[in-house]
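Here are the chains, one letter per residue:
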Amino acid sequence: MVYVITKPDSGPSPNLDAPNIQGNFAAFNTSFSTNHVAMNSDAQGDHTNVIFQRQTSTPDNPINGDILFSENVTSKLGTQPGLLVRIPVFLPTKLDPTTGINNSAMVLTFNQVNTIGPNQYQSFLIGIVSPYLIYFGSISGNTTPSVIINTQITLSPAPQEILLAIATANTNVSAGTQRPFDVRTRIDSTDKFTISSAANDSSGSIAYSIGWVAIAKA
Amino acid sequence: MTAPIYDPNVPQFNSDQLSITQPDFLTNFQTLFTAFSRNHVPLNEANAGNHSIVELIEQLHPIQTDVSTISIYSRPVEGQASQLFFRYQNNIEEFQFTNYQIYNLTQPADDTLPTAVSRYFTVLPGGIIVYFGFFNVNAETLRLDIFPQVATNIISISTCFTSPNLAKVKDQQYRPWVGTIRDPDGVVSKITFNSPFKDDRMFGRYFYLILGNM
Numbered sequence: 022m023v024y025v026i027t028k029p030d031s032g033p034s035p036n037l038d039a040p041n042i043q044g045n046f047a048a049f050n051t052s053f054s055t056n057h058v059a060m061n062s063d064a065q066g067d068h069t070n071v072i073f074q075r076q077t078s079t080p081d082n083p084i085n086g087d088i089l090f091s092e093n094v095t096s097k098l099g100t101q102p103g104l105l106v107r108i109p110v111f112l113p114t115k116l117d118p119t120t121g122i123n124n125s126a127m128v129l130t131f132n133q134v135n136t137i138g139p140n141q142y143q144s145f146l147i148g149i150v151s152p153y154l155i156y157f158g159s160i161s162g163n164t165t166p167s168v169i170i171n172t173q174i175t176l177s178p179a180p181q182e183i184l185l186a187i188a189t190a191n192t193n194v195s196a197g198t199q200r201p202f203d204v205r206t207r208i209d210s211t212d213k214f215t216i217s218s219a220a221n222d223s224s225g226s227i228a229y230s231i232g233w234v235a236i237a238k239a
Numbered sequence: 496m497t498a499p500i501y502d503p504n505v506p507q508f509n510s511d512q513l514s515i516t517q518p519d520f521l522t523n524f525q526t527l528f529t530a531f532s533r534n535h536v537p538l539n540e541a542n543a544g545n546h547s548i549v550e551l552i553e554q555l556h557p558i559q560t561d562v563s564t565i566s567i568y569s570r571p572v573e574g575q576a577s578q579l580f581f582r583y584q585n586n587i588e589e590f591q592f593t594n595y596q597i598y599n600l601t602q603p604a605d606d607t608l609p610t611a612v613s614r615y616f617t618v619l620p621g622g623i624i625v626y627f628g629f630f631n632v633n634a635e636t637l638r639l640d641i642f643p644q645v646a647t648n649i650i651s652i653s654t655c656f657t658s659p660n661l662a663k664v665k666d667q668q669y670r671p672w673v674g675t676i677r678d679p680d681g682v683v684s685k686i687t688f689n690s691p692f693k694d695d696r697m698f699g700r701y702f703y704l705i706l707g708n709m
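One line per chain: the protein sequences are E and P, in this order.
Under my numbering, the residues of the first sequence are numbered 22 to 239, in order.
Under my numbering, the residues of the second sequence are numbered 496 to 709, in order.
Quick caveat, the hints were computed from the structure, so don't treat them as lab data.
It should be emphasised that the depicted structure is a prediction, and the values quoted were computed from it without experimental measurement.
Check the hints yourself; a few may be wrong.
What the hints assert, rightly or not - Taking beta-carbon pairs under 8 Å as the criterion, some of the chain P residues facing chain E (in silico):
#1 T522
#2 F524
#3 L538
#4 L555
#5 Q575
#6 Y583
#7 Q584
#8 I587
#9 T593
#10 Q596
#11 T617
#12 G621
#13 I623
#14 L706
To be verified - Mimicking SDA-like on lysine to any residue, the simulated pairs with C-alpha atoms at most 20 Å apart in a straight line are:
#15 K28/E x Y615/P
#16 K97/E x T55/E
#17 K115/E x D640/P
#18 K28/E x D680/P
#19 K28/E x I515/P
#20 K28/E x A604/P
#21 K115/E x G681/P
#22 K238/E x Y615/P
#23 K238/E x A604/P
#24 K28/E x Q517/P
#25 K115/E x D680/P
#26 K115/E x Q575/P
#27 K685/P x D117/E
Built from N, CA and C at the ideal position, the CB exists for glycine as well.
Construct all of the structure, not just a fragment, from the sequences and the given hints.
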């Protein structure tokens, strides 16, 4: 059934338009049932789900509220539709004098997460233009006396640029002053960084664990 | 010309003839069409019923949810514009999903310089703000200005020494510990780096990850 906006018309016999009237009601019922609880059901009008048609440009926000929409988001993985929100611009304020915000929409999603691991996990953070990706995990093993730990981490999915790589040892040096392993990081490329530690120095071999977090541009 | 108004009371039984109520029918259909076209693919297009955008008019109160529904809506936040809120089923406590207004901060033109500082921020549900980047601690620079300066409470600060020379050991016991400086207006504007060893044992470039609430 097709919804016809010009029916019923004032033609010679209104009875001829009875099928058109019924057709419009039927078409409306069908379309309304998409994404919404159907007519004549409890909670009719509520949403069952929301399917977003991808927009070709960022919509304006003329309302007193927020606008959710879908638009293409470009990341290292490629161009994928994402979910974005555009709130009313409120800057500058007394605390934050920043101007020229242009009220860019905030990207809420990325189309991939890794919650299975086992050594590396990944999720995403809200960003502008593209989201930030947050990765985390840990490395472990047994130390070798006087040998520096150098473990390179390759982030997956590969990001555009690593902005932060923090590592923290969960293991103490076994001799002398009780202190955690020293740990440092080095960004090697857009998707790789190295965790390094003097570990247990010259003392005996012990088990170690070092946790890490990285944030990158998608 | 005023916009047509939807009249749910036409046609009436017995008192109206179809030939008389035809204009009312047409008006109602056109009004339905116009109203439905807001936020939805129009009724006379493919995929009618799907959403083009979803405009969430600001709500003054949390939305009620029953045992099988969750709700997303917008509400005003003091000092900000409308933000997205979630309320899970059975009217449990709502939470703020988005926070503040993310924008790009100025980054160093040359991030290899010893004086370079990088600054990024994002948000987490619950009114959390997240600052991150790298900062060089040296004799002249023992404080990091964070932006935007809107956090009233810093929950955690994590730092990690970073160096292109992996053989350069930075003994953990010489790492600086961190503190905060709160401005008279109540917001935290600076992170401080403190250590009795104000020399190469402490100095260097550090990544920082700061979580706070507003």
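Verification of the hints:
Interface restraint check: T522/P against chain E, minimum CB-CB distance 11 Å, threshold 8 Å, status violated. At its closest, the beta carbon of F524/P sits 5 Å from a beta carbon of chain E; the interface hint therefore holds under the 8 Å criterion. Because the closest C-beta pair between L538/P and chain E is about 4 Å apart, less than 8 Å, the hint holds. Of the supplied interface hints, the one on L555/P is violated, with its beta-carbon coming no nearer than about 11 Å to a beta-carbon of chain E, more than 8 Å.
Taken as an interface hint, Q575/P checks out: its beta carbon lies about 6 Å from the nearest beta carbon of chain E, inside 8 Å. Checking Y583/P against chain E by beta carbon gives a least distance of about 15 Å; that is not within 8 Å, so the hint is violated. Look at Q584/P: its Cβ only gets to about 13 Å from chain E, farther than 8 Å, so that hint breaks. Of the supplied interface hints, the one on I587/P is violated, with its beta-carbon coming no nearer than about 18 Å to a beta-carbon of chain E, more than 8 Å.
Annotation: interface hint on T593/P holds; nearest CB of chain E at approximately 6 Å, less than 8 Å. Hint on Q596/P holds. Least Cβ distance to chain E is approximately 6 Å, under the 8 Å limit. Against a cut-off of 8 Å between C-beta atoms, the interface hint on T617/P holds, since the closest Cβ of chain E lies about 5 Å away. Because the closest C-beta pair between G621/P and chain E is about 13 Å apart, greater than 8 Å, the hint is violated.
At about 11 Å, the closest approach between the beta carbon of I623/P and any beta carbon in chain E exceeds 8 Å, and the interface hint on this residue is violated. At about 11 Å, the closest approach between the beta carbon of L706/P and any beta carbon in chain E exceeds 8 Å, and the interface hint on this residue is violated. Our distance criterion of 20 Å between C-alpha atoms is broken by K28/E and Y615/P, whose separation comes to about 56 Å. For the suggested pair K97/E and T55/E, the alpha carbons sit about 34 Å apart, so the restraint of at most 20 Å is broken.
Annotation: proposed proximity of K115/E to D640/P holds, straight-line Cα distance about 17 Å (limit 20 Å). Our distance criterion of 20 Å between C-alpha atoms is broken by K28/E and D680/P, whose separation comes to about 63 Å. This hinted pair checks out: K28/E and I515/P have alpha carbons roughly 14 Å apart, not beyond 20 Å. About 64 Å separates the Cα atoms of K28/E and A604/P, which puts this hinted pair outside 20 Å; it is violated.
About 13 Å separates the Cα atoms of K115/E and G681/P, which keeps this hinted pair within 20 Å; it holds. Between the alpha carbons of K238/E and Y615/P the distance comes to roughly 11 Å, so the proposed pair stays at or under 20 Å and holds. In summary, the hint linking K238/E to A604/P is supported, as the alpha carbons are separated by about 18 Å, within the 20 Å threshold. The straight-line distance between the Cα atoms of K28/E and Q517/P is roughly 9 Å, inside the 20 Å bound, and the hint therefore holds.
This hinted pair checks out: K115/E and D680/P have alpha carbons roughly 10 Å apart, not beyond 20 Å. In summary, the hint linking K115/E to Q575/P is supported, as the alpha carbons are separated by about 11 Å, within the 20 Å threshold. The hinted pair formed by K685/P and D117/E meets the criterion: a straight-line CA distance of about 15 Å does not exceed 20 Å.
The earlier numbered hints that this structure contradicts are 1, 4, 6, 7, 8, 12, 13, 14, 15, 16, 18 and 20.
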